[in-house]
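Make the full structure from the sequences, and use the hints.
Top to bottom, those sequences are chains A and B.
Its first residue numbered 1124, the first sequence is counted upward by one per residue in the numbering used here.
Its first residue numbered 66, the second sequence is counted upward by one per residue in the numbering used here.
Because the hints were derived from the structure by calculation, they are not lab data.
If you're wondering where the values come from, they're calculated on a predicted model, not measured in any experiment.
It is possible that some hints are incorrect.
[Stated by the list, open to error] Quick list of in silico lysine to aspartate or glutamate cross-link-like pairs, DMTMM-like style, CA-CA up to 25 Å: (1) A:1160 / B:91; (2) A:1222 / B:124; (3) A:1191 / B:95; (4) A:1145 / B:138; (5) A:1160 / B:163; (6) B:74 / A:1128; (7) A:1165 / B:138.
Chain by chain, the residues:
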Amino acid sequence: GENVEQHPSTLSVQEGDSAVIKCTYSDSASNYFPWYKQELGKRPQLIIDIRSNVGEKKDQRIAVTLNKTAKHFSLHITETQPEDSAVYFCAESGGSNYKLTFGKGTLLTVNP
Amino acid sequence: NAGVTQTPKFQVLKTGQSMTLQCAQDMNHEYMSWYRQDPGMGLRLIHYSVGAGITDQGEVPNGYNVSRSTTEDFPLRLLSAAPSQTSVYFCASSYDRDSTDTQYFGPGTRLTVL
Chain A
1124 GENVEQHPST LSVQEGDSAV IKCTYSDSAS NYFPWYKQEL GKRPQLIIDI
1174 RSNVGEKKDQ RIAVTLNKTA KHFSLHITET QPEDSAVYFC AESGGSNYKL
1224 TFGKGTLLTV NP
Chain B
66 NAGVTQTPKF QVLKTGQSMT LQCAQDMNHE YMSWYRQDPG MGLRLIHYSV
116 GAGITDQGEV PNGYNVSRST TEDFPLRLLS AAPSQTSVYF CASSYDRDST
166 DTQYFGPGTR LTVL
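Structure follows, in structure tokens:
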């Protein structure tokens, strides 16, 4: 995969609301789609991932959906909390499986 | 396990100087990689390795060299530092021999080139 577009670049929500971040990719051979969370001054950490043979995956308040036909995938966070405030990165690994391409990130702010 | 470690945490260089950023992991991971993170640019892959003795270029390899003589270590060398290389550098590793596995990141090295 060579190009991943991520939107929005910033997102501000009230505590308890839902947040949705979307990414599109161009390589039809892409088969792995992780999401990373990076708190201020910290390292990125994986929060959820999905592979191309699955359309949706959930882990408590976090879910990821994948539409391979449209080449886009989304991160959904429900019942947001202030500790969800961070930069979120989507990524995709293309047909070569050796390179992970990241989106430019979304700064999520959850207001108490 | 210490996980993925990086040294130094901070470094200031003058244009033209060379240096090596160290990365080590004690998880017996096969895949290791280097990223640079610049404001508004996300994480961009510099070089990666799928095992000892094997390295390849990522998205932005110019000005950087790597080697992988052991499974544990994956140093990144800046040959002649330029202000454009001012960035935060992250090393990452994963168990599988490719990028379709959880990447464990090191704490990062903040580099400033004057």
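Evaluated hints:
With a CA separation close to 23 Å, the supplied pair residue 1160 of chain A and residue 91 of chain B stays within the 25 Å bound. For the hint linking residue 1222 of chain A to residue 124 of chain B, the alpha-carbon distance of about 9 Å falls within 25 Å, and the restraint holds. Proposed proximity of residue 1191 of chain A and residue 95 of chain B is contradicted: the alpha carbons are some 29 Å apart, above 25 Å. Taking the CA atoms of residue 1145 of chain A and residue 138 of chain B, the gap is near 35 Å; set against the 25 Å cutoff, the hint is violated.
Our distance criterion of 25 Å between C-alpha atoms is met by residue 1160 of chain A and residue 163 of chain B, whose separation comes to about 21 Å. At most 25 Å may separate the alpha-carbon atoms for a hinted pair to count; residue 74 of chain B and residue 1128 of chain A exceed this at roughly 30 Å. The suggested pairing of residue 1165 of chain A with residue 138 of chain B holds, with an alpha-carbon distance near 22 Å, which does not exceed 25 Å.
Comparing the model with each numbered hint stated earlier shows that hints 3, 4, 6 do not hold.
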